[in-house]
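Work out the full structure, taking the sequences as your base and the hints as a guide.
The lines below spell out each chain.
There are 4 protein chains.
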Amino acid sequence: MAAARFDSTELPFSKYPAWVLGKLRPVAIEKIKAVHDWVETECIPAEPIMKAQLAKNRWKTPTLMKDLRQKAKERGLFNLFLPNHFKESPGLTNLEYSCCAEIMGKVYWAAQTMNCHAPETGNIELLAKYANEEQKETWLKPLMSGDFSSAYSMTEPEVASSDATNISIRIQRDSDEYVINGRKLFGNAKWNPEVQLYILMGCTDPNNPDPWKRHSMVLVPSDTPGLHMNLNLTIMGYDHAPEGHGEYRYDNVRIPASNVILGEGRAFEIAQGRLGPGRIHHCMRLIGQCERAYEFALLRATDERKKPRGKLIGQFDSNIERIASMRLELDALRLVVLNAADTMDTHGNKAGRYVIAQSKILVPEGAARIIDECMQMYGGQGLTQHTPLPEMWTYARFVGRDQLKTAKDVKKRHERYYEIAERLKREFELEDNLAADYMWEYLDLSTKAKL
Amino acid sequence: MAAARFDSTELPFSKYPAWVLGKLRPVAIEKIKAVHDWVETECIPAEPIMKAQLAKNRWKTPTLMKDLRQKAKERGLFNLFLPNHFKESPGLTNLEYSCCAEIMGKVYWAAQTMNCHAPETGNIELLAKYANEEQKETWLKPLMSGDFSSAYSMTEPEVASSDATNISIRIQRDSDEYVINGRKLFGNAKWNPEVQLYILMGCTDPNNPDPWKRHSMVLVPSDTPGLHMNLNLTIMGYDHAPEGHGEYRYDNVRIPASNVILGEGRAFEIAQGRLGPGRIHHCMRLIGQCERAYEFALLRATDERKKPRGKLIGQFDSNIERIASMRLELDALRLVVLNAADTMDTHGNKAGRYVIAQSKILVPEGAARIIDECMQMYGGQGLTQHTPLPEMWTYARFVGRDQLKTAKDVKKRHERYYEIAERLKREFELEDNLAADYMWEYLDLSTKAKL
Amino acid sequence: MAAARFDSTELPFSKYPAWVLGKLRPVAIEKIKAVHDWVETECIPAEPIMKAQLAKNRWKTPTLMKDLRQKAKERGLFNLFLPNHFKESPGLTNLEYSCCAEIMGKVYWAAQTMNCHAPETGNIELLAKYANEEQKETWLKPLMSGDFSSAYSMTEPEVASSDATNISIRIQRDSDEYVINGRKLFGNAKWNPEVQLYILMGCTDPNNPDPWKRHSMVLVPSDTPGLHMNLNLTIMGYDHAPEGHGEYRYDNVRIPASNVILGEGRAFEIAQGRLGPGRIHHCMRLIGQCERAYEFALLRATDERKKPRGKLIGQFDSNIERIASMRLELDALRLVVLNAADTMDTHGNKAGRYVIAQSKILVPEGAARIIDECMQMYGGQGLTQHTPLPEMWTYARFVGRDQLKTAKDVKKRHERYYEIAERLKREFELEDNLAADYMWEYLDLSTKAKL
Amino acid sequence: MAAARFDSTELPFSKYPAWVLGKLRPVAIEKIKAVHDWVETECIPAEPIMKAQLAKNRWKTPTLMKDLRQKAKERGLFNLFLPNHFKESPGLTNLEYSCCAEIMGKVYWAAQTMNCHAPETGNIELLAKYANEEQKETWLKPLMSGDFSSAYSMTEPEVASSDATNISIRIQRDSDEYVINGRKLFGNAKWNPEVQLYILMGCTDPNNPDPWKRHSMVLVPSDTPGLHMNLNLTIMGYDHAPEGHGEYRYDNVRIPASNVILGEGRAFEIAQGRLGPGRIHHCMRLIGQCERAYEFALLRATDERKKPRGKLIGQFDSNIERIASMRLELDALRLVVLNAADTMDTHGNKAGRYVIAQSKILVPEGAARIIDECMQMYGGQGLTQHTPLPEMWTYARFVGRDQLKTAKDVKKRHERYYEIAERLKREFELEDNLAADYMWEYLDLSTKAKL
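Residue numbers (our numbering), protein chains in the order written: chain A, 178 to 628; chain B, 178 to 628; chain C, 178 to 628; chain D, 178 to 628.
Check each hint, because a few of them may be wrong.
The list makes no distinction among identical chains, and a pair is therefore deemed to hold if it is satisfied within one copy or across any two copies.
Taking lysine-lysine and the DSSO-like style, the derived pairs with C-alpha atoms no more than 30 Å apart in a straight line are [what the hints assert, rightly or not]:
#, residue 1, residue 2
1, 233, 537
2, 248, 233
3, 250, 306
4, 237, 602
5, 233, 367
6, 484, 537
7, 484, 527
8, 318, 488
9, 527, 306
10, 488, 537
11, 367, 602
12, 233, 210
Just so you know, the hints here were simulated from the structure itself, not pulled from any lab data.
Values in this document were obtained by computation on a predicted structure and should not be read as measured data.
Okay, structure coming up:
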């Protein structure tokens with residue numbers, strides 16, 4: 178019956194693999210359609226307006242954005258991301274939400290119109306999971322309602338913060354307050370008055386012998402005295418206004434002791450829990466971004482005004498190869514992301530760790546390659562603001578990981594191969610020094626190995 | 178219930194995505210387990226024996242192979258590949274067979290023990306689909322029974338045969354016979370007496386105005402006088418004995434007129450039909466081959482005897498990166514192949530054309546990269562026969578295709594965006610020459626485009 | 178004697194190949210030293226000042242730049258680029274100037290302090306070569322003196338202007354004036370009042386049967402009425418102020434007929450002449466830019482504050498590999514550029530066409546890869562303005578060309594091989610159908626080829 | 178005068194950079210011409226003969242090879258490689274010899290016809306440098322005269338022998354003899370009776386506290402009892418007969434004590450000395466091999482018989498791009514090798530260490546890419562023995578190294594930048610918190626760094 182609800186040869190459904198179409202419930206199909214219509218009708222055509230409003234006032238949320246958020250909320254398109262084990266969730270599975278998120282990715286700011294943008298999504302999930310009732314009332318509710326905006330503050334300039342145990346900003350207890358001193362990079366810019374909350378990870382107990390218990394997660398209202406923003410960090414030249422990426426200095430910033438989340442020393446417990454589906458939202462949107470870039474490539478390839486040596490750009494077989502190769506790679510990346518979402522739905526977030534990592538590593542790399550190829554098709558113009566391609570390109574980077582633990586099993590199996598092979602050797606009365614002799618080497622891993 | 182039948186944390190099931198596990202029927206789970214046991218117990222440990230027997234007699238099928246084929250047939254592991262719409266099929270879906278094929282890929286010759294090797298699979302499918310009853314009785318039956326072996330003969334040295342309309346070998350009617358003259362590359366070597374049939378594509382009507390009706394497909398018994406094999410073609414130095422790749426000369430080779438398949442001039446119709454699931458068996462097996470290569474990489478990484486600068490090879494972080502990246506890419510390639518198989522099951526072979534192409538292009542390229550990385554971990558030794566890696570590497574090469582047709586739809590959507598954007602511009606009373614002005618360019622694709 | 182003048186183990190000389198050191202004349206050694214001191218002392222440390230002044234007034238040349246230009250002129254560091262066949266040249270060979278240009282490349286704006294920046298260099302060379310005496314007096318002299326600045330205006334938005342015969346902007350004679358109408362991209366921004374001249378290529382005779390005679394090159398003062406700048410084009414998000422890249426509209430722009438260079442219809446003749454050494458200045462500077470990026474990578478690799486998992490970033494062997502590979506590739510690229518310069522010195526600009534193309538294609542691609550690797554070593558911070566790496570990265574893109582003409586000679590040689598081989602075959606009484614038989618195929622290219 | 182001796186537009190001189198042509202002495206020009214004629218006339222056309230003779234008797238040096246070696250010796254083309262500081266040298270500089278070696282590379286076995294093949298070249302250089310007079314009389318003289326052939330035996334299967342201190346084969350003194358026990362990989366095959374000498378590195382003093390004094394280099398006649406060859410190692414499937422790569426077992430092999438070179442414990446001293454120009458001969462020949470591969474690509478691109486979709490393969494612009502990109506990369510690689518040779522000539526072998534490493538890393542990688550591209554142009558046929566491309570491809574693999582030591586100088590310079598910048602800041606009265614403020618970070622590397 179669900180099958181009757183959509184046309185698998187039309188956008189957005191024509192992009193999804195057969196096994197995904199088979200898993201979408203009617204409620205999700207409705208939402209996916211609604212998101213598709215929303216982005217196609219309200220977002221893509223509104224890009225010039227958004228750009229123009231931002232050009233006039235760089236650090237203020239454009240009125241168009243406010244209008245669209247209000248409208249999306251009324252249409253039931255708010256907070257779609259929230260996993261269905263939260264009572265506040267609209268009820269989509271991760272796989273179903275992935276389909277929505279891809280569509281949102283077509284326009285940089287479309288997710289924000291639906292309150293599905295970073296870091297809001299991660300922060301909302303964190304608060305829904307770990308905040309106490311009072312904290313939820315004060316912060317979670319208005320965030321979900323879109324009344325204001327929040328930031329997540331973790332990276333530091335002075336340490337290798339990719340290893341979070343190095344985080345050094347000090348949070349010191351002083352009677353019923355905490356006093357914060359240090360520096361942070363990359364939280365949203367407080368130049369935008371919408372940003373009213375910082376969720377900050379810092380060090381409360383530097384001498385605790387257990388390095389996983391030294392840190393805490395606290396709530397810092399953005400208007401707290403002593404919280405200075407030095408600078409907005411640009412990413413490959415883009416300021417990403419009006420959200421931006423602040424470089425912050427905390428000079429004796431004081432917050433109530435009740436602003437600690439879950440309890441002192443429990444930051445890693447929370448950070449761990451934050452490793453949920455939110456971690457691949459970014460990848461899902463990147464797929465949509467690539468689809469948009471790909472559309473630009475097709476448009477350029479068939480632009481009647483551009484005919485070097487008398488042929489359309491898309492009539493050169495080198496470009497046909499380029500387009501085919503983008504198409505194939507992009508569809509493979511989508512399989513990776515959708516599989517990650519589905520694995521979380523089926524086996525849980527924890528079992529999903531590997532597939533999440535797979536998405537987070539492969540998708541940004543692949544997306545950068547695809548968007549770069551699209552830019553190439555536009556020649557010099559591809560680097561300018563005449564298309565959104567350069568801005569798209571800047572959303573891509575990554576990680577690395579350990580597989581050696583599985584070697585043990587492999588070895589065990591090889592020991593068994595060797596036993597059988599020795600038996601076979603006797604059965605077939607195989608002599609020594611034959612052409613195959615060297616093959617014992619990779620069967621025999623024991624210290625007796627003669628080769 | 179099916180879920181109770183296997184342990185998803187154990188090989189081979191631990192390698193399959195959640196959505197695939199959910200689709201495997203109990204009957205398939207049994208077969209997959211049986212194939213896994215077969216390859217682990219009868220094939221991998223027997224590699225040295227097979228190598229040794231072949232070294233003694235290069236162009237004769239080893240007795241071990243004959244024994245194994247007999248045994249596999251008795252165990253119900255023969256012809257698993259045949260799609261379930263054929264009455265001779267053992268009943269696996271393409272997705273289910275893919276899981277089997279991956280396992281077979283771990284050893285070069287394992288598929289042959291199960292009569293699931295190329296070109297047998299393609300030829301059997303072709304005969305099952307297009308041969309008449311008499312032809313089936315004479316050729317299909319013994320092929321399925323494994324009594325002898327067949328070859329497929331298409332590529333030619335003198336023309337660009339990637340474009341099959343160029344195929345030039347002449348098949349001329351002479352009363353109740355056809356006379357064949359010309360040259361072919363790449364059919365299995367008739368030096369091996371097991372090869373008793375050639376399915377040959379040639380030109381019967383070179384002057385037919387319709388280029389798609391000039392060619393026919395015929396059955397040529399290998400002992401027909403005039404069929405000469407000049408040479409065995411090596412692939413990157415490998416002779417691939419005892420199957421090999423012949424370079425053939427047809428000098429007045431005469432076959433009965435009844436040996437034409439489907440009818441004169443219908444070769445393209447048959448070739449089209451041959452574009453079924455068989456086209457990705459190769460990709461499925463490549464995944465298994467990569468898994469095997471990956472295991473070798475893990476073994477080398479943890480080999481206690483190899484410690485340059487005092488560390489295990491797998492303790493260098495550059496190698497950890499290499500291993501992680503192989504793992505991630507390999508799992509992404511599996512998703513591509515399994516999705517292709519599932520798409521054929523769900524939407525049919527025709528709808529599967531794109532996903533088949535996707536597999537055929539991405540998998541061989543990716544597999545060559547992965548196996549190459551594995552060889553690198555073995556240093557100079559990685560290039561020798563001390564591991565099967567170099568032999569594995571030589572299974573990779575490929576294609577290219579057109580996506581420009583979809584540009585029309587994209588254009589249509591962009592025209593609509595432009596209309597909405599113009600309306601919005603009026604609504605928001607946007608002036609000209611603002612920062613966003615250039616964005617009209619990529620919205621307006623009409624000839625009026627001012628930029 | 179020259180050898181006594183510098184220490185080949187110290188910068189900048191330690192970077193040059195032995196064969197280059199052997200060709201540097203004492204006069205050049207002095208200049209190279211002076212340029213090195215200039216960039217090390219006056220430019221690199223002044224980067225924050227330049228940035229700060231530009232932040233205050235985006236479209237005005239900073240006073241620091243004006244001061245430095247005055248100072249550099251006094252020190253004899255102006256116009257070093259001008260090839261020594263011009264009477265105005267300071268006398269460096271292309272090879273010698275390359276060494277200077279590399280050093281200039283370390284800071285984006287250093288070349289400008291020495292009046293060696295694009296498009297000034299190309300425009301000065303063009304005027305020195307093709308302008309008449311009056312034009313030289315009015316425009317060349319002040320440009321060389323650094324009194325004002327110029328732009329080159331060629332690319333158009335509506336056509337594929339990579340093929341310059343497509344250029345469509347109209348230049349129409351109207352008694353003793355020309356009237357210009359159309360659009361252009363990428364000339365320097367006239368928002369900066371220093372830009373006082375446009376050298377523009379346009380179409381004067383669209384119906385001339387010879388497509389190479391339809392265009393003319395004219396001089397357009399920037400304050401001519403009707404010359405409108407719509408927008409500044411950003412490059413990957415950078416505005417490149419205060420020079421920028423304008424998007425222009427010419428509405429009935431009127432210039433005196435005497436402003437045509439060389440004569441009507443001779444634009445391609447001039448453009449051809451512009452294909453001199455100036456075309457690789459950009460590549461030379463890119464090498465210096467990469468050296469700077471490489472230094473940042475080294476600094477990060479040895480930064481004591483950044484120790485993920487307790488080790489310096491440069492102690493991870495994956496990073497050691499990265500650094501080694503950058504170093505090797507960068508030095509190979511330098512060889513390419515220096516060889517191009519030397520070839521022009523030895524054989525002339527025309528003979529240098531191939532090596533120029535080689536530089537223009539290989540260097541930007543390689544440089545982008547190298548700078549990207551450097552950014553990776555800085556993690557997320559590498560994408561921000563905390564280092565100049567992202568800005569550096571945006572200087573890279575390129576071309577493609579024909580080598581098939583040389584196939585004729587190759588064929589001729591192969592025909593000779595075949596003759597000799599046939600003689601040898603007789604001499605050695607080689608029989609047919611041996612293992613080597615197929616080798617005749619690639620020796621015999623004639624139509625008789627039997628394979 | 179030298180300039181008058183060759184035509185720089187003709188092969189082989191047309192391939193050399195201007196700066197190289199300027200350094201070739203008349204004597205070298207004559208040799209280069211002679212080598213070119215030799216390879217073009219005696220080697221390339223004789224390839225089928227050599228192949229056919231080898232096919233008949235795999236482990237015997239073909240009579241054609243013997244004839245050619247005799248002829249080359251008579252023509253003064255023997256031992257050209259020997260650096261001119263040896264009294265036996267024919268007197269070419271490394272740069273001049275590089276030009277010869279490139280030409281030799283066009284045919285796999287051409288260097289051998291001139292006694293310029295590995296491992297002969299390294300062994301001859303080693304003996305010329307370190308052997309005593311008696312050893313020279315017995316071994317060096319006949320090797321230079323081409324009377325027999327030698328092998329170099331270093332790699333071992335049981336240890337990570339890339340780190341040579343791990344080498345474990347035991348050489349034990351027993352009165353006036355040494356007794357050798359252990360295993361070795363990769364010395365030439367003793368199946369070929371021409372191979373009469375092994376230069377072997379082994380361990381004489383495993384307990385010496387200085388790991389660099391534990392090993393010795395000894396001379397082992399190939400007919401010594403106890404020296405067993407188990408197997409010939411194939412390289413990517415090629416046996417490289419009749420030289421091959423043996424896998425050896427030493428069972429109580431006894432040699433006279435006088436067969437130690439230079440003295441016990443001095444193997445590393447010798448190995449160090451072996452790191453001379455011989456290390457890049459391989460790279461030089463690879464360039465020639467790529468030129469040959471490139472010629473095959475051109476031939477295929479213009480083969481009139483191969484016209485997929487009605488166009489020559491070389492008329493597809495994707496192939497034009499491929500050819501251009503091979504051409505450019507190949508010429509860049511030649512610059513790298515020639516620069517390495519010239520640096521050794523100018524600054525000595527020791528100073529040449531870096532450029533040798535550069536060649537050894539970049540050239541094999543690049544060559545493999547180029548040859549692979551050439552194979553692609555031949556489609557499936559490109560993988561067979563129909564061209565020598567697959568065999569060529571298998572000559573490529575490599576290394577990695579440290580550049581971090583140079584970081585100290587970079588740091589020192591940055592400290593100076595910072596001092597100047599601080600002075601400038603005061604002079605220009607720059608305020609804090611401006612847009613440029615963050616730039617102090619990368620100028621200030623001291624512990625005071627505030628960011």
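message: Within, between, both or neither: how does the pair residue 233, residue 367 come out at a Cα-Cα threshold of 30 Å?
response: both (18 Å within a copy, 22 Å between copies)
query: From the Cα coordinates, with 30 Å as the cut-off, is the pair residue 318 and residue 488 best called within, between, both, or neither?
result: neither (58 Å within a copy, 43 Å between copies)
query: For residue 250 vs residue 306, is the C-alpha pair at or below 30 Å within one copy, between two copies, both, or neither?
result: within (23 Å within a copy, 56 Å between copies)
- prompt: Quick one: residue 484 to residue 527, C-alpha cut-off 30 Å, is that within a copy, between copies, both, or neither?
  reply: between (53 Å within a copy, 28 Å between copies)
message: Within, between, both or neither: how does the pair residue 484, residue 537 come out at a Cα-Cα threshold of 30 Å?
response: Between copies only: 23 Å across chains, 39 Å inside a chain, cut-off 30 Å.
message: Within a copy, between copies, both or neither: which one fits residue 527 and residue 306 at a CA-CA cutoff of 30 Å?
response: within (15 Å within a copy, 47 Å between copies)
query: When no copy is named, should residue 237 and residue 602 be tagged within, between, both, or neither for a Cα gap of at most 30 Å?
result: between (78 Å within a copy, 20 Å between copies)
Up to 30 Å CA-CA - residue 537 versus residue 488, copy category: between (39 Å within a copy, 25 Å between copies)
field: Same-copy or cross-copy closeness of residue 233 to residue 210 [CA-CA at most 30 Å]
entry: Neither: 34 Å inside a copy, 48 Å across copies.
query: From the Cα coordinates, with 30 Å as the cut-off, is the pair residue 233 and residue 537 best called within, between, both, or neither?
result: Close neither inside one copy (35 Å) nor across copies (39 Å); limit 30 Å.
message: At most 30 Å between alpha carbons: which applies to residue 367 and residue 602, within, between, both or neither?
response: Classified as between: cross-chain Cα gap 28 Å, same-chain 74 Å, threshold 30 Å.
query: For the identical chains here, do residue 248 and residue 233 meet the 30 Å Cα criterion within one copy, between copies, both, or neither?
result: Answer is within: at 23 Å inside a copy they meet the 30 Å cutoff, but 39 Å across does not.
Comparing the model with each earlier hint shows violations of hints 1, 8 and 12; every other hint is respected.
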